[in-house]
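Can you build the whole structure from these sequences, using the hints too?
Keeping their order, the protein sequence lines are chains A and B.
In terms of the working numbering, the first sequence opens at residue -14 and continues consecutively.
In terms of the working numbering, the second sequence opens at residue 3 and continues consecutively.
For the record, the hints were derived by calculation from the structure and aren't laboratory data.
Derived lysine to aspartate or glutamate pairs resembling EDC-like cross-links, with alpha carbons at most 20 Å apart: (1) A:83 <-> B:59; (2) A:83 <-> B:58; (3) A:83 <-> B:54; (4) A:37 <-> B:105; (5) B:80 <-> B:16.
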Amino acid sequence: DAKTTQPTSMDCAEGRAANLPCNHSTISGNEYVYWYRQIHSQGPQYIIHGLKNNETNEMASLIITEDRKSSTLILPHATLRDTAVYYCIVSFFTGGFKTIFGAGTRLFVKA
Amino acid sequence: EAEVAQSPRYKITEKSQAVAFWCDPISGHATLYWYRQILGQGPELLVQFQDESVVDDSQLPKDRFSAERLKGVDSTLKIQPAELGDSAMYLCASSSIGTEDNEQFFGPGTRLTVL
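Have a look at this one:
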């Protein structure tokens, strides 16, 4: 399974875009990139996932480089409620998904 | 909106005692996961079920931990005997079967403290 590398922590000003990077240089062709976040004392929450193309939903955008070795999660207008730990995961299906969480990036959104 | 239910939310026990956690996944979700999360770390997968069958329990300490999902719906995770190092958050998640979409829905977790 491919491993991911994320910065330990990041700060972002409220109302600005938060760009969270993730390196997954050993990703295989059939592995998807998933992002989850975990607000203090709650279970993780799914944000978005992608394979090759950039993806956007109501929560965030996911930008995957052409070689797929890295990706960036973008929260377009961060709010204080976006303060959380963000996990980047690569996962593939072989009758069931293998999901390995790292330590994630702790994002602090400041007023 | 459907949610994953877990109980109890908090459990305090003494070492060498037995504890059990219960999880009720979202209706229709065939895949159920149990994770352990130590403070400051990401969740670690303990066991994964597909319906009533275990598909991955490679990280489950089988000398003291057991998990079952007898009818392929709700699930129980047991620790016997509990040790001080088992203090952690135990998270349950579920997902539907799919070849791409592995969105996992997590419950609120059970916080275990072993004294």
